[in-house]
Amino acid sequence: MTPELDPVIHAQARLRVVVTLNALPEGDQIAFPGLKDLLGMTAGNLSVHLGKLEEAGYVEIVKTHRGRTPATYVALTRRGRLAFEEYTAAIRTLLDTTSAPPSGA
Amino acid sequence: MEEDDRALSPEEMLRLIDRQDSAAVRRFVPDTSLLYLPWGLAWLVGFGALFLHHGLSGRPYAPISIDVALAVLFGAMLLAGAVNAFVLWRTGNQVRGASQQRGMMYGLAWPTGFLTMSMIADRFAAQLPEAERNLLWASMSIMLVSVLYMAGAAVWHDWPMFAVGIWMAVLNAVGTAAGAGWHALLIAVGGGGGFIVAGLVFSRRVRR
Numbered sequence: 001m002t003p004e005l006d007p008v009i010h011a012q013a014r015l016r017v018v019v020t021l022n023a024l025p026e027g028d029q030i031a032f033p034g035l036k037d038l039l040g041m042t043a044g045n046l047s048v049h050l051g052k053l054e055e056a057g058y059v060e061i062v063k064t065h066r067g068r069t070p071a072t073y074v075a076l077t078r079r080g081r082l083a084f085e086e087y088t089a090a091i092r093t094l095l096d097t098t099s100a101p102p103s104g105a
Numbered sequence: 001m002e003e004d005d006r007a008l009s010p011e012e013m014l015r016l017i018d019r020q021d022s023a024a025v026r027r028f029v030p031d032t033s034l035l036y037l038p039w040g041l042a043w044l045v046g047f048g049a050l051f052l053h054h055g056l057s058g059r060p061y062a063p064i065s066i067d068v069a070l071a072v073l074f075g076a077m078l079l080a081g082a083v084n085a086f087v088l089w090r091t092g093n094q095v096r097g098a099s100q101q102r103g104m105m106y107g108l109a110w111p112t113g114f115l116t117m118s119m120i121a122d123r124f125a126a127q128l129p130e131a132e133r134n135l136l137w138a139s140m141s142i143m144l145v146s147v148l149y150m151a152g153a154a155v156w157h158d159w160p161m162f163a164v165g166i167w168m169a170v171l172n173a174v175g176t177a178a179g180a181g182w183h184a185l186l187i188a189v190g191g192g193g194g195f196i197v198a199g200l201v202f203s204r205r206v207r208r
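Chain order of the listed sequences is E and R.
Residue numbering for the first sequence follows the UniProt record's numbering, beginning at 1 and increasing consecutively.
Residue numbering for the second sequence follows the UniProt record's numbering, beginning at 1 and increasing consecutively.
Treat the hints loosely; a few may be bogus.
Within a straight-line C-alpha distance of at most 20 Å, the following computed SDA-like cross-link-like pairs (lysine to any residue) qualify [stated by the list, open to error]:
1. Lys36(E) to Leu16(R)
2. Lys36(E) to Ser22(R)
3. Lys36(E) to Arg123(R)
4. Lys36(E) to Arg96(R)
5. Lys63(E) to Ala23(R)
6. Lys36(E) to Arg26(R)
7. Lys36(E) to Ala23(R)
8. Lys36(E) to Phe28(R)
9. Lys36(E) to Gly97(R)
10. Lys63(E) to Val29(R)
11. Lys36(E) to Val29(R)
12. Lys36(E) to Asn93(R)
13. Lys63(E) to Gly97(R)
14. Lys63(E) to Thr116(R)
15. Lys36(E) to Arg133(R)
16. Lys36(E) to Glu132(R)
17. Lys36(E) to Val25(R)
A short, non-exhaustive set of chain E residues, derived as facing chain R with CB atoms under 10 Å [to be verified]:
18. Thr20
19. Ala23
20. Pro33
Hints in this document: simulated from the structure, not taken from any laboratory.
Since the structure is predicted, the reported quantities are computational estimates derived from the model, not experimental observations.
Virtual Cβ for every residue (Gly too), placed ideally from N, Cα, C.
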């Protein structure tokens, strides 16, 4: 049986976003420019992916102000962390079944 | 974007996860060796100079005045502090939330501790002969450092850091009982050397 891979996470760029946010301790948020630099993505590209992740309820986007300049902070939601956990588990299961020796099939 | 969205094989996805996770951790978690090594070098050089000034039997081993020895010590510690501040700023400047508050409170504990300790030490130091005066300052400072290390270990759930704190506390107590020269020697070699060993052993390479 092949486990379902979450289509929201199962795309290179979004997977990298989720992995990065997952490395952030719970209760922390990262500024949009910091995340952009860490991922090496363009702002537009990252925004699109974050939008999709937010739509799925995996990411929380907070718009605020740092002094007078607007600032955007991003964090993985609890649901997002769970989804990522399930995704890595599914990938590992997939690997185990494909790398296991063929049993009579 | 089409390029980004191309789905990879499970192996490639797993490798991508590992690679991105290490890159993120490198950014979010300060490298312990960059925090420990500068202090190790500072203490080795600084307390080394102090040791040469005091000697073990009350006679100096090198013509280093107390002013020069202290200037070397404080200069080296200032450098180490600057390296630490930079490393911690780099890890935290794009992040806000619970870690930031923890870091800020812990960060403020250091100058507050040292400022109030200085006021206390200053009052009693005036009554003491030179070697004892230096020892009072040095032992109170190391005591504060060791306690803050243990407390920091509790904040970040970091057992190696706790061990470093205990080690400093013990060295400090033993060295103080033995006198100014011994204290400087123990802190230079055991403390500074201990930081250097800790920095090498608990560096990121080994931990992750």
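Practice problem: Would you pick out the hints that fail for this structure and give their numbers low to high? | Solution: 3, 5, 10, 14, 15 and 16
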